[in-house]
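Numbering (our numbering), first residue to last: 1479 to 1786.
Warning: the hint list may mix true and false statements.
[Unchecked claim] When the alpha-carbon atoms are kept at most 30 Å apart in a straight line, the in silico BS3-like pairs for lysine-lysine are as follows:
hint : residue 1 : residue 2
1    : K1508     : K1730
2    : K1751     : K1550
3    : K1730     : K1482
4    : K1751     : K1730
5    : K1566     : K1751
6    : K1751     : K1771
7    : K1747     : K1771
8    : K1508     : K1482
9    : K1508     : K1695
10   : K1550     : K1566
11   : K1730     : K1771
12   : K1482     : K1550
13   : K1695     : K1566
14   : K1695     : K1550
Treat the hints as calculated values from the structure; they're not laboratory data.
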Amino acid sequence: MIVKGLRMGTRTSRLARAQTGIVIEMLRTKFPALEIEVVPVTTMGDRLPDEKRTEVEGKGAFTEDLEALLQKGEVDAAVHSMKDLPTKLGGGLAIGATPVRADPRDALVSSYGLRLAEMPEGAVVGTSSIRRKAQLMALRSDIELVDLHGNVETRLRRMGERGLDGIVLAAAGLRRLGEEGRITEYFSIEELVPAPCQGTIAVEIREGDRGVGAAMKAIDDGDVRAVSTCERSFATRLGGDCDLPAGFCATKEGERMRLVGAILSPDGKTVVKETSFEDAARPDEVGRRFAEKMLEMGGEAILERVMR
1479 MIVKGLRMGT RTSRLARAQT GIVIEMLRTK FPALEIEVVP VTTMGDRLPD EKRTEVEGKG
1539 AFTEDLEALL QKGEVDAAVH SMKDLPTKLG GGLAIGATPV RADPRDALVS SYGLRLAEMP
1599 EGAVVGTSSI RRKAQLMALR SDIELVDLHG NVETRLRRMG ERGLDGIVLA AAGLRRLGEE
1659 GRITEYFSIE ELVPAPCQGT IAVEIREGDR GVGAAMKAID DGDVRAVSTC ERSFATRLGG
1719 DCDLPAGFCA TKEGERMRLV GAILSPDGKT VVKETSFEDA ARPDEVGRRF AEKMLEMGGE
1779 AILERVMR
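Construct the complete structure from the given sequences, taking the supplied hints into account.
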């Protein structure tokens, strides 16, 4: 039986609210009479100064407060950027729906409309991600990369304030905020491999909550669930929620998955990259096996040096 009302937890950022709005619209399309209350939550990650955020990204800083409310029964569901969701969920919780995945690619926003290859030597580009930094260095070792923290709007504003030549962000966030017009270049998945689950929305619920679970099942996308399961399995095998110079993206193509992965040294000088097509029947196993293959190809030695 579908619930009559739903309390939906969300972070307070504009992007988080936009993503929650997408989920609510999908639910109301399926269940017009469903009453939905949005419960905004300022998470620990949101309370941190911008320069401290990269120290905790991927470790639950943006999700644990929402999970705690779920566990206490104060909300019925929580909307997350799946990229932020730890590979091990809080006790008694489950992913109720993976309703949508936007463009998983990374994008360049350039101050002067130049693509990365067109930027002059010494151009200054902002990003806070070790994954992006390593891959950008592999593409253009002659540019300068500087840390740039904060939410999407903050990064866009600081690009101008600090006189940066460009910044690299997830295309999905820019598009969900209506800022796609500022994108100068989309990087292909092969040249700048995305983070696992980049662009994917996840709705977390309590295990055994049948009413909420039934509502979420109605908006779940099987293909999105399959690729996100594969990508989370890859991330788990590489080290769970550590911030690593590695990317992985799975794309469902009929009954098969196209896999693209990369593990790099932080300076971008050593690169292990692989592409493969695999049967999509066991996405968790596919992701784990692909990670093990990349580790054997030299990725393990790279990551051991990174984590010393």
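Comparing the hints with the structure gives:
| no. | hint | result |
| --- | --- | --- |
| 1 | K1508 - K1730 | 25 Å, holds |
| 2 | K1751 - K1550 | 43 Å, violated |
| 3 | K1730 - K1482 | 34 Å, violated |
| 4 | K1751 - K1730 | 19 Å, holds |
| 5 | K1566 - K1751 | 26 Å, holds |
| 6 | K1751 - K1771 | 11 Å, holds |
| 7 | K1747 - K1771 | 20 Å, holds |
| 8 | K1508 - K1482 | 13 Å, holds |
| 9 | K1508 - K1695 | 11 Å, holds |
| 10 | K1550 - K1566 | 18 Å, holds |
| 11 | K1730 - K1771 | 20 Å, holds |
| 12 | K1482 - K1550 | 20 Å, holds |
| 13 | K1695 - K1566 | 21 Å, holds |
| 14 | K1695 - K1550 | 22 Å, holds |
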